[in-house]
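> Sequence:
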Amino acid sequence: MLSLIGSRVNAVSAEFAEQLGDSSKDVSVAKQLKGIRPLKDAWSEWSHLRKALDDTVALLDDPSMRELAQEEHHSLITSLTAHLQSTFPSLLFSASSSSSSTAHLSALIELKSGVGGSESSLFVSDLLRMYMRLSHDRKWQPTVLNANEIDTGGLKDVILEVKGEGAYEALRWESGVHRVQRVPATEASGRVHTSTVAAVVLPLSDGESNDRDDELYKKEDVKVETMRARGAGGQHVNKTESAIRLTHTPTGITVSMQDERSQHENRRRAYQVLSARLMDLKLTKEQADRRAVRRDLVRTADRSEKIRTYNLPQDRVTDHRLGKSGMSWGDVMERNGLEDLIEGLQERHQKEVVEEVLAEWEEAEKGRAK
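For the sequence shown, this note's numbering gives the first residue as -2, with consecutive numbering after it.
Since the hints were derived computationally from the structure, they do not count as laboratory data. Every residue gets a Cβ at the ideal spot worked out from N, C-alpha and C, and that includes glycine. Take these hints with a grain of salt, some might be off.
[As the list claims (entries may be wrong)] Within a straight-line C-alpha distance of at most 27 Å, the following computed BS3-like cross-link-like pairs (lysine-lysine) qualify: (1) Lys153 x Lys109; (2) Lys220 x Lys109; (3) Lys303 x Lys220; (4) Lys160 x Lys215; (5) Lys282 x Lys303; (6) Lys216 x Lys160.
[To be verified] Label pairs and their computed distance ranges (CB to CB): (7) Gly320 x Arg225: 47 to 57 Å; (8) Val112 x Val141: 20 to 30 Å; (9) Gln311 x Lys220: 45 to 55 Å; (10) Ser186 x Thr251: 34 to 44 Å; (11) His317 x Ser186: 24 to 34 Å; (12) Ala144 x Arg47: 55 to 65 Å; (13) Val141 x Lys220: 18 to 28 Å; (14) Ala55 x Arg345: 23 to 33 Å.
Working from the sequences, and respecting the hints, build out all of it.
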């Protein structure tokens, strides 16, 4: 890692010095230098600390200076270790375009019942409460945009908006299949049933940004349909056509919204969800393109992949990505267990991104060496 950081800092600095005055390249090189400046400063500090350590080692053999040198030696080792374990990884992660582009975004969480019928719908309600509680704990603003209830209780599907700095970066790891194993209240024989819920977490831009929406879709590519809202049993619940369905023709993405009585509000929310889905599609494509260029695939959870199992008879929650299986249902649903899982997944992601950046720089070094 250290040799690659040093080479990268020196290469960008040398390129900037060499092309200084070339107006056709000034902007791009200056942008690279600005992006790497925090890492350059940290590298300079590291080099200074490393030289000071070498000087201190020479004093350890001097009886008159040994005690003072030992204190200085310990302090320098502590600082150098902090650079290796924290400063450099953090700066490398920040240097990645994949982190900086989504760090501030809010989130949309879509939960859909899967295998298990009414038990799956009840599990949707459980997960919704879990994310609402987490949002309140983190001082985010959760709002249910759309929810389809079923007659037997629970939710067939729900869309939850979570507004707040860093909501998407924290919640994005919840995308995937959540599985619950428990005995339904109607099961007389006590047999354990398995049910699933599919979760999709989408990036959501704050505020009304027409420019950003224009980048994601053209208005003429969106088909707008109005209809009367329907209740849980399929019956019409009002006489006005307040429900909205949007279809993005190029991708086939559809969004339906009917929770509000106002067609205007349903339309606004539907476009909000459409923008989030298209932004997610854009980010996913950019990530895939980066991987294809580097030929260095980084493991991420596929949305069809089982990510977590909640086993109620054994009171155990297992996160299959972390290989962690020690928390109870109450820990995750009602206490800080979900926070711990998210923190572990973020650390795992940061490590992968750092490895990704270093692999990219290593390829660049090989290219310069040819």
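> For each hint, tell me whether it holds in the structure or not.
Evaluated hints:
1. With a C-alpha separation of about 6 Å, the suggested pair Lys153 and Lys109 falls inside the 27 Å cut-off, and the hint holds.
2. Between Lys220 and Lys109, the direct Cα distance comes to roughly 24 Å. Compliance with the 27 Å bound is thereby established for this hinted pair.
3. A hinted pair counts as satisfied when its Cα atoms are at most 27 Å apart, and Lys303 with Lys220 does not qualify at roughly 34 Å.
4. Restraint check for Lys160 and Lys215: satisfied, since their Cα atoms lie roughly 25 Å apart, inside the 27 Å limit.
5. The straight-line distance between the Cα atoms of Lys282 and Lys303 is roughly 22 Å, inside the 27 Å bound, and the hint therefore holds.
6. Simply put, Lys216 and Lys160 have alpha-carbon atoms about 25 Å apart, close enough for the 27 Å limit, and the pair holds.
7. With their beta carbons about 49 Å apart, Gly320 and Arg225 fall inside the hinted range of 47 to 57 Å.
8. Between Val112 and Val141, the C-beta spacing of about 24 Å keeps the proposed range 20 to 30 Å intact.
9. The supplied range of 45 to 55 Å is met by Gln311 and Lys220, whose beta-carbon atoms lie about 48 Å from each other.
10. At about 41 Å, the beta-carbon gap between Ser186 and Thr251 stays in the expected band of 34 to 44 Å.
11. The supplied range of 24 to 34 Å is met by His317 and Ser186, whose beta-carbon atoms lie about 29 Å from each other.
12. Against the hinted window of 55 to 65 Å, the Cβ-Cβ separation of Ala144 and Arg47 comes to about 58 Å, which satisfies the hint.
13. Evaluation of the 18 to 28 Å hint for Val141 and Lys220 yields a pass: the beta carbon distance comes to about 26 Å.
14. At about 41 Å, the CB distance of Ala55 to Arg345 disagrees with the hint of 23 to 33 Å.
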